[in-house]
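Engineer: Sequence:
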Amino acid sequence: DPGALPARGAYIKYESSKAGKRLERSEGRFQRSLQAPGLLLTLNVSARYQRIKGFGGSLSDSAALNILQLSRPAQDRLLRSYFSESVLPLPAVLCGFVELQLSQALCPLLQIPLLHRASAMSSRPLSLLASPWTTPAWMKSNGDVRGKGILKGQAGDKYHKTWANYFIKFLDEYAKHNVTFWAVTAQNEPLAALLTPPQFPTIAFTAVSQRDFVVHDLGPALARSAHRTRLIIMDDQRIHLPHWAKVVLGNATAARYSAGVGVHWYLDSIVPASCLDATHKLFPDHFLLYTEACSGFLTFRFSVSLGCWERGVHYSHSILTVLNHFVAGWTDWNLALDLKGGPNWVKNYVDSPVIVDSSKDVFYKQPMFYHLGHFSKFIPEGSQRVGLHSSRRCLTCQLQHVAALRPDGALVLVVLNK
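Read in full-length UniProt numbering, the sequence shown has 98 at position 98, and its numbers run on one by one without any break.
The hints are simulated quantities; they were obtained by calculation from the structure and are not laboratory data.
Please note: incorrect hints may appear among the correct ones.
Here are the simulated SDA-like pairs of lysine to any residue, each with C-alpha atoms no more than 20 Å apart in a straight line [unchecked claim]:
{"#": "1", "residue 1": "Lys18", "residue 2": "Asn417"}
{"#": "2", "residue 1": "Lys281", "residue 2": "Gly307"}
{"#": "3", "residue 1": "Lys13", "residue 2": "Leu320"}
{"#": "4", "residue 1": "Lys365", "residue 2": "Leu171"}
{"#": "5", "residue 1": "Lys365", "residue 2": "Gly38"}
{"#": "6", "residue 1": "Lys158", "residue 2": "Lys176"}
{"#": "7", "residue 1": "Lys365", "residue 2": "Pro73"}
{"#": "8", "residue 1": "Lys169", "residue 2": "His216"}
{"#": "9", "residue 1": "Lys246", "residue 2": "Pro284"}
{"#": "10", "residue 1": "Lys365", "residue 2": "Ser122"}
{"#": "11", "residue 1": "Lys360", "residue 2": "Asp144"}
{"#": "12", "residue 1": "Lys13", "residue 2": "Gln50"}
{"#": "13", "residue 1": "Lys148", "residue 2": "His216"}
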């Protein structure tokens with residue numbers, strides 16, 4: 001039970017390994033006078049950094065379809081694996097990976113019952129985040145929900161006002177089914193839309209056009225509505241930081257309407273994490289949140305690689321890196337996919353922490369699932385990152401680590417040995 005605190009002077013350790021350990025529990029006691037010959041990590045709870053929002057995954061159309069293809073008992077086991085306190089509690093859920101062009105009609109039918117079931121299993125409230133991929137075709141410059149296009153007209157006109165009202169209608173309709181959203185993003189990957197294949201449903205914004213849309217349309221619409229839903233800007237690769245934040249949040253009106261900056265992980269290997277520090281320094285009152293990540297994209301190997309430990313390590317490496325650079329949380333793209341990494345109507349197959357084989361009525365919890373668990377299970381919302389000093393750099397052992405102080409006063413240390 002991750003909620004059970006150790007006795008004074010004692011610790012509880014949970015370990016997962018390539019050799020087969022999966023959150024294996026052990027206990028021990030601290031030794032005050034131990035002369036540590038190796039690396040020594042020293043906690044400094046006086047050094048306080050960002051508050052943690054949480055860790056989650058996307059209940060996309062594809063994820064919902066896969067879950068619902070299982071028998072009811074298997075569905076319950078999968079949902080408990082993610083949302084029960086006794087297994088892997090995920091406090092954040094995102095809607096994003098589209099399986100059909102009819103996503104707006106299909107999404108509620110699939111997702112709302114699953115959201116209610118997940119919420120009933122969770123001892124923590126779920127924070128729901130929604131992210132739009134495209135406007136209706138008649139609002140786009142190319143007249144098609146697919147392909148490259150921008151919102152017709154300019155900020156403040158009928159197209160922008162109508163699109164902002166779509167956000168409110170979306171929130172209104174879900175609220176009728178007792179589903180409320182903690183946040184929405186202004187647009188999924190607004191600049192990546194210019195680079196995606198022509199069959200993808202996208203719409204493009206620049207930082208300037210998003211700023212103006214927030215100032216004149218989306219921000220006021222959300223503020224006037226009955227919803228307390230927060231607004232997240234950018235929702236794209238960190239290569240755009242801190243420039244995107246400077247353009248949008250540098251405007252006082254846009255900054256007032258916005259709560260944070262969404263980031264995707266796909267170009268992290270070529271962009272140093274220092275851009276996150278720079279953004280936080282400029283706008284410390286706006287959180288940074290990783291809103292999408294997955295393995296298996298653009299790979300010449302298999303999109304799904306069952307049991308791949310290295311993909312789990314990649315998850316932990318990313319989470320540890322960005323937490324140490326002021327990020328408040330991290331979201332995986334799909335809660336569950338099939339053996340091909342779909343379904344996906346543009347064959348954009350990727351991997352997932354849970355893979356479903358409906359023909360056998362089973363699902364597989366991959367190493368990525370357990371790597372996520374080392375964060376979501378032990379660092380609840382409201383925790384705060386604290387100082388952690390290493391006695392020396394350990395180039396041979398390749399350790400990464402982060403420390404957090406939980407709301408209940410417990411200290412959590414997560415260490416990855418690559």
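Engineer: It remains to establish, for every hint, whether it holds in the given structure.
Structural biologist: Hints and how they fare:
{"no.": "1", "hint": "Lys18 - Asn417", "in the structure": "holds, 11 Å"}
{"no.": "2", "hint": "Lys281 - Gly307", "in the structure": "violated, 39 Å"}
{"no.": "3", "hint": "Lys13 - Leu320", "in the structure": "holds, 18 Å"}
{"no.": "4", "hint": "Lys365 - Leu171", "in the structure": "violated, 32 Å"}
{"no.": "5", "hint": "Lys365 - Gly38", "in the structure": "violated, 34 Å"}
{"no.": "6", "hint": "Lys158 - Lys176", "in the structure": "violated, 26 Å"}
{"no.": "7", "hint": "Lys365 - Pro73", "in the structure": "holds, 16 Å"}
{"no.": "8", "hint": "Lys169 - His216", "in the structure": "holds, 18 Å"}
{"no.": "9", "hint": "Lys246 - Pro284", "in the structure": "holds, 12 Å"}
{"no.": "10", "hint": "Lys365 - Ser122", "in the structure": "holds, 19 Å"}
{"no.": "11", "hint": "Lys360 - Asp144", "in the structure": "violated, 39 Å"}
{"no.": "12", "hint": "Lys13 - Gln50", "in the structure": "violated, 24 Å"}
{"no.": "13", "hint": "Lys148 - His216", "in the structure": "violated, 24 Å"}
Violation of the numbered hints given earlier is confined to hints 2, 4, 5, 6, 11, 12 and 13; the remaining hints are satisfied by the structure.
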